[in-house]
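Novice: Sequence:
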Amino acid sequence: MLEEEKVTINSPLQAMKYNLGYCPEDRKTEGIIPNLTVRENIILALQAKRGLFRHFSRKAQIEIADRYIRELGIATPSTEQTVKNLSGGNQQKVILARWLASNPRLLILDEPTRGIDIGAKTEIQKLIIKLCQEGMTILFISSELEEVVRCSHRVVVLRDRQKICELMDDQVNEDVIIRTIAEGGRSL
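Position one of the sequence shown corresponds to residue 11 (our numbering), numbered consecutively onward.
Note that these hints are calculated values from the structure, not bench results.
Mixed in with the good hints, there may be bad ones.
[Claimed, not checked] Here are the computed lysine to aspartate or glutamate pairs in the EDC-like style, where the Cα-Cα straight-line distance is at most 20 Å:
# : residue 1 : residue 2
1 : Lys-131   : Glu-35
2 : Lys-140   : Asp-120
3 : Lys-173   : Glu-184
4 : Lys-38    : Asp-127
5 : Lys-136   : Glu-156
6 : Lys-59    : Glu-73
7 : Lys-38    : Glu-90
8 : Lys-38    : Asp-120
Between the sequences and the hints, there should be enough to build the whole structure, so can you do that?
Specialist: The following block contains the structure:
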C-alpha cells in the first residue's frame with residue numbers, strides 16, 4: 011500500500027513511476043557508480059526520471075550537486091571527484107543526495123549507516139530525523155536496535171517476512187522491542 015493505493019513494484023522503472031527512492035544495504039555494489047563523479051552519481055535518479063534524451067545541462071547538474079553537497083555536508087574537493095575516492099560515509103551521503111534530489115514520496119533506507127564511521131553515522135541519523143520532522147515518509151531498515159529507537163516513531167517487527175507487532179511512539183524503546191522479538195509478538 012502506498013498512500014492507500016495498492017501497488018505492485020517489480021522493477022526499478024515501476025518504483026520510479028511511484029516516485030520511490032531506495033538506498034541499498036550494500037552501497038558499493040548496489041548504490042554508487044564508483045567511476046562516476048559525485049555530480050554524475052547525484053543526478054542519476056533525476057536524469058532517469060527525465061528520460062534518456064532530455065539531459066540536464068552541465069550547469070544545472072553542478073547546481074544540483076552543489077546544493078546537496080552543502081546540505082548533506084559531503085566532504086569532497088569538487089563535484090567532479092570520483093565517488094570511489096570518497097569515504098564510506100560520504101559515499102552514503104551521495105546516494106542519499108541522489109534520492110533526495112528526486113523528491114521521493116517514500117524513501118527506503120536499508121542499513122544506511124552500516125560500515126561508516128561514527129561521525130558520518132551521527133550526521134546521517136540526524137538527517138533522517140530532520141527529514142521525518144519535515145514530513146518525509148521514510149522506511150528505515152536497520153539491524154542496530156539503538157539506531158532504530160533513535161530514528162523511528164513507529165516500528166514494525168517482522169519474523170519470517172510476516173508482521174508480528176507494530177509499536178508506536180512511547181512503545182518504541184529497546185526493552186519493548188527486545189521483548190517483542192523474544193516472545194514473537196505475543197507480549198503486546
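Novice: Against each hint, give a clear statement of whether it holds in the structure.
Specialist: Quick rundown of the hints versus the structure:
For the suggested pair Lys-131 and Glu-35, the alpha carbons sit about 14 Å apart, so the restraint of at most 20 Å is met. At most 20 Å may separate the alpha-carbon atoms for a hinted pair to count; Lys-140 and Asp-120 meet this at roughly 18 Å. For the given pair, Lys-173 sits about 18 Å from Glu-184 by alpha-carbon distance, which is consistent with the 20 Å threshold. Note on Lys-38 and Asp-127: the hinted pairing holds, with a Cα-Cα distance of about 16 Å set against a maximum of 20 Å.
As the CA atoms of Lys-136 and Glu-156 are separated by approximately 14 Å, the hinted pair is consistent with the 20 Å bound. Distance hint between Lys-59 and Glu-73 is fulfilled; the C-alpha atoms sit about 18 Å from each other, no more than 20 Å. At most 20 Å may separate the alpha-carbon atoms for a hinted pair to count; Lys-38 and Glu-90 meet this at roughly 19 Å. A distance of roughly 13 Å separates the Cα atoms of Lys-38 and Asp-120; the hinted pair therefore holds under the 20 Å criterion.
When the structure is compared with the earlier hints, no violation turns up for any of them.
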